[in-house]
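When you get a sec, could you build the whole thing from the sequences and use the hints?
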Amino acid sequence: MDQLQWPEWMRAGVRVVRGPDWQLPTQDPKEGDLGTLIYVPKKVGDNKVSVIWDSGKERMYQSGATGTYELRAFDIAQVGIVHTGIRCTSCSANPIRGMRWSCSDCNNVELCTKCYMNDKHNTSHGFVRRDTTKSDPLILSKRADTKFVQASGIFENSKVIRGPHWRYKNQDGGDTKVGDVKTVIPLKDNFGNAFVTVKWQINNHVGEYRLGAEGYVDVVVFDPANGGKYYPEHLPLVGLILLKIGDKVKVNLSLMEFKKLQEDAKIWNDDMKQCLTEEGTVIDLVRQSADSKHASLTVVQYKNGKQFQIMRGALFRVAGFQKGGVVRIESTADVLKNLQRMRGGLKSDAAILATKGKVGRLLKITKDGDLKVLVDKTKFIFSPACCYPTNDPKDVKAAPTAVDSSSSSEDENEGKTLRRFADGIGEAMTNLKKGSDGSVVTGEAIVESSGNNKLDHLKALLKKSPQQVDFKVADGDRTGLQLASHEGHIEIVKFLIKQNADVNLADAVGDTPLHYAVFGKQPEVVEILINSKGIKINSQNKAGVVPVHVAVNTADISTLKLLVEQGCDVTIKDNNEDTPMHDAMIQKKNQPGVIEAVLASPTCKFNLKNKAGLNVLHFACVNNKVKAVEIILSKSADIVNETIPGGFTALHIAAFNDFIEIVSLLLVKGKANPNLQDNKKRTPLLLAASKGFKRIIEVLIEGKANINEQDLDGDTALHVILKDPPKENDMGTNVIYLLVGNGADIYLKNKIGETALDLIKDPVLRQSVEAIHKLAASPAKTDKGTVIPVNWSSKEMMNDDYQVKLDPNDKEPAIRDEYAMVAKHFMKSMPNAEIKTIKRVQNASLWECYIVQKKKMESKMGVGHANEMHLYHGTLPEIVDLICRENFDFRIAGTRVGALYGQGTYFALEARYSDGYAMTSNDNTKFMFVVKVLVGKTCIGNQDYRKPPYLDPDDKKKGSYDSCVNDVHRPTVFCVFDINQYYPEYIIEYEV
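Heads up: the sequence shown begins at 1 in UniProt numbering, then just goes up one per residue.
Among the hints, erroneous ones may be present.
Said to hold, decoys possible - Here are the computed distance ranges between Cβ atoms for each label pair:
(1) Val-396 <-> Thr-972: 46 to 56 angstroms
(2) Lys-824 <-> Gln-150: 49 to 59 angstroms
(3) Val-396 <-> Asp-145: 45 to 55 angstroms
(4) Thr-176 <-> Glu-8: 36 to 46 angstroms
What the hints assert, rightly or not - Taking lysine-lysine and the DSSO-like style, the derived pairs with C-alpha atoms no more than 30 angstroms apart in a straight line are:
(5) Lys-42 <-> Lys-681
(6) Lys-855 <-> Lys-805
(7) Lys-957 <-> Lys-855
(8) Lys-533 <-> Lys-459
(9) Lys-30 <-> Lys-323
(10) Lys-169 <-> Lys-454
(11) Lys-48 <-> Lys-635
(12) Lys-694 <-> Lys-681
(13) Lys-691 <-> Lys-784
(14) Lys-860 <-> Lys-635
(15) Lys-828 <-> Lys-860
(16) Lys-856 <-> Lys-781
(17) Lys-229 <-> Lys-306
(18) Lys-855 <-> Lys-784
(19) Lys-856 <-> Lys-635
(20) Lys-855 <-> Lys-723
(21) Lys-159 <-> Lys-30
(22) Lys-306 <-> Lys-134
(23) Lys-932 <-> Lys-784
(24) Lys-182 <-> Lys-169
Just so you know, the hints here were simulated from the structure itself, not pulled from any lab data.
Quick reminder that beta carbons are idealized off the backbone N, C-alpha and C, glycines included.
Here you go:
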């Protein structure tokens, strides 16, 4: 989010009401109550804003940075928004200040906010809203069809008392005296509706007081007045509007407008007319090009189960889900079953019927958008399309109490320090406004002027009292320079430095102005401070954190690069003994940019270890940071075989964690020794065998790992897998066959005299192992010499259609395990399906083409870098046999799916996604392929691609990407253009 900015109008002073994601419906303020935005963080990533409600209560609220919108803007005229040359047709206000409302049915009908909300002009006409002169028009539903709410707060005829920012001594006659609001002043000092005229009852004094001007609130309500009605759904959300999976949306366009928008994107079909009358649920977000930062296209699902790809500009966000909130489950059983089936299903129809229409507590939103909901005393995983967020007090009261407090994810815990810092700054800024009186020179006034960018006022104050330039407020021992640095007030920072402000002065926790500037993601201020006289760029706070630590944790690339270029030391350890290099390995945002920036430092020492004894290479391997490993090996490959406590090398770590790309890098680029042993004499191969990681074992064998190396007990990899088959892995038998087929000695004894054969109790498996051992010297091959898989059945068992049926009760253990492996992975996302048959595809010609392509890709990128995956493809019943003979035909891509990511063949990570494209046969069954796919290097797809784009358009010799995806960080859909990059391995026939 680093390049994102709040909407132009989102500044202190905006008048607000409750938003769609309000978390505490029974708490004051009530729906319709008004408040004033008094603090907006400088950066979008700082996710809370501060509000003083007209009642006087002050709280912080979510601002949309995390997808939660607790506030709407009621009026934005207070921050100087004006539509020059636009006159209100009803009241003749010229120009219109704040939001502009234009009739889409009539020419030249423009309304101000007050007239629009008071139902001027025809309420059955459509309108569009423009927040600023630069804003895109937002199409709204008709007022006649939209819910309205009565506004309440400080309006004409309300009664008020002095508020938190009062600075007028005893004009009101005393602290608790009451005044009558005579008017809300339309314009004063270029601020609209930001002042009120009050007549105080005790002394009849009439004065003008701030209600939003520059974020100040001089009066609060004693007795509220009715402010007329407003349409909540028509007001802008406070925050940056980014759709997320699970959001409830609707289309507010006319049929003609909607159809044109969709046709321009080549994704219209007539069934989409449904979208104009129904509310839908976002189930996927799609970026249409590699250079697009945000989703321009969404996949929306409706109650009847239909899914449509809709352009982002057509959608209006109605509501979203949030952890801890209350949801109501779909009340119609058939609708619930259908929607849930398309998301993988519930355990039984009885479970569905038990939840329909009930309210539940949302415990967790999973990474793919599913909802973990507590209904009664049972936890369920629901599709977001099956649930509806609710703030109805009756529902909130009826919902069960959350019990899943331990379910916070790593993502939720990440960045807590940064959020606490940002919230602390917010509280400090709002506290400084309280009681500040410009007539008196105080240290607080100096700090307040610095933090709020009041340069002229600051100059006047310091001219009178220059010795207070480094004054620290009691709230955190913060100085004006620190707050100005965080907020990015460049001229204030320059002036304070010129006035000899201490650039190294620390606050209560040891943070200096440079720490503040980095926390605030202010590279311009960072540069000013770095170039100031006497700056200590490596100053540590009380946690041992230096500014470059902070830059890593904020993931601000520009600031990070600047600090590194200016010589900040990336080897300094904090109190946890982590260097910025170590911290870069656990940062999830803006990667690999953060890693590249940190590891570019000339101060890097990759052998430095943290408290756990891990050097930077080890830590990169632990966190699966491929780019970091690549950089470290290019600069310091000599550390590749260094060990951690226990004797693990980087290769041990990567092999034990199934990090295939890193294993390959360490072997190929780092020349890692695959036969080094840990303190228990275990090699990386032995560790991989203990976990059943088949791909890792394959890569290690190709990397010259000794397949018969023995550990302290004399066990080989084959002993290990036979003694303790991994419970979390269903490939045990296939791993056994892989090891034996590659020369594992079945007669080698461990220290207690056991051979691998001695450990096999199943006589059929023992017989198979012995047979494979004999064949290992001369494996079965195709006519052209390609080794065929050891699990393929003999030609006598094959049908003419290249299909071999697997029996879940076969006498051969390998076939039983093979069936179980395929079924288990399929059922993970399709728990409500019933498998009829599973068949293995044995087409030697297609297999040979696939293996040749795999070797070709790995010769360029390294062993394992072809990135082989098992993916799914739903299909038509009548073309199953054709696919087995000739493979998938990429030339007909998009005929049923829609070629979103290119004109290739499409595969999905989960079976439930492909289920939507598997058509039902006459006997009510469906067919889905499990496919080996070489996805290689991936990039965001584009519907116009006929092949993947070049890695570097300026240097085509570097080659192209290998496939296109919907999301490079967490891809779920893959588009592949080369027919030799996939092999149809299994056919699953099933019924839902």
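A quick look at each hint next to the structure:
1. For the pair Val-396 and Thr-972, the supplied restraint of 46 to 56 angstroms is violated, since their beta-carbon distance comes to about 34 angstroms.
2. The hint said 49 to 59 angstroms for the Cβ distance between Lys-824 and Gln-150, and at roughly 57 angstroms that hint holds.
3. The supplied range of 45 to 55 angstroms is broken by Val-396 and Asp-145, whose beta-carbon atoms lie about 27 angstroms from each other.
4. Roughly 39 angstroms separates the CB atoms of Thr-176 and Glu-8, a value that falls within the hinted 36 to 46 angstroms.
5. Our distance criterion of 30 angstroms between C-alpha atoms is broken by Lys-42 and Lys-681, whose separation comes to about 55 angstroms.
6. With a CA separation close to 29 angstroms, the supplied pair Lys-855 and Lys-805 stays within the 30 angstroms bound.
7. Distance hint between Lys-957 and Lys-855 is fulfilled; the C-alpha atoms sit about 20 angstroms from each other, no more than 30 angstroms.
8. About 21 angstroms separates the Cα atoms of Lys-533 and Lys-459, which keeps this hinted pair within 30 angstroms; it holds.
9. Pair hint Lys-30 plus Lys-323 holds up; C-alpha atoms about 22 angstroms apart against a cutoff of 30 angstroms.
10. Pair hint Lys-169 plus Lys-454 holds up; C-alpha atoms about 22 angstroms apart against a cutoff of 30 angstroms.
11. Restraint check for Lys-48 and Lys-635: not satisfied, since their Cα atoms lie roughly 42 angstroms apart, outside the 30 angstroms limit.
12. Taking the CA atoms of Lys-694 and Lys-681, the gap is near 21 angstroms; set against the 30 angstroms cutoff, the hint holds.
13. The straight-line distance between the Cα atoms of Lys-691 and Lys-784 is roughly 34 angstroms, outside the 30 angstroms bound, and the hint therefore fails.
14. Of the supplied pair hints, the one linking Lys-860 and Lys-635 holds, its CA atoms being roughly 21 angstroms apart against a limit of 30 angstroms.
15. For a cut-off of 30 angstroms, the pair hint linking Lys-828 to Lys-860 is broken: about 34 angstroms separates their Cα positions.
16. For the given pair, Lys-856 sits about 19 angstroms from Lys-781 by alpha-carbon distance, which is consistent with the 30 angstroms threshold.
17. About 37 angstroms separates the Cα atoms of Lys-229 and Lys-306, which puts this hinted pair outside 30 angstroms; it is violated.
18. Distance restraint check for Lys-855 and Lys-784: the Cα-Cα separation of roughly 15 angstroms lies within the 30 angstroms cut-off, and the hinted pair is therefore satisfied.
19. For the suggested pair Lys-856 and Lys-635, the alpha carbons sit about 27 angstroms apart, so the restraint of at most 30 angstroms is met.
20. Among the hinted pairs, Lys-855 with Lys-723 is inconsistent with the structure: their alpha-carbon atoms are about 33 angstroms apart, more than 30 angstroms.
21. Between Lys-159 and Lys-30, the direct Cα distance comes to roughly 18 angstroms. Compliance with the 30 angstroms bound is thereby established for this hinted pair.
22. Proximity of Lys-306 to Lys-134 is assessed by CA-CA distance (about 36 angstroms); at most 30 angstroms being required, the pair is judged violated.
23. As the CA atoms of Lys-932 and Lys-784 are separated by approximately 21 angstroms, the hinted pair is consistent with the 30 angstroms bound.
24. Note on Lys-182 and Lys-169: the hinted pairing holds, with a Cα-Cα distance of about 21 angstroms set against a maximum of 30 angstroms.
Violated hints, listed in ascending order, are 1, 3, 5, 11, 13, 15, 17, 20 and 22; each of the other numbered hints is respected by the structure.
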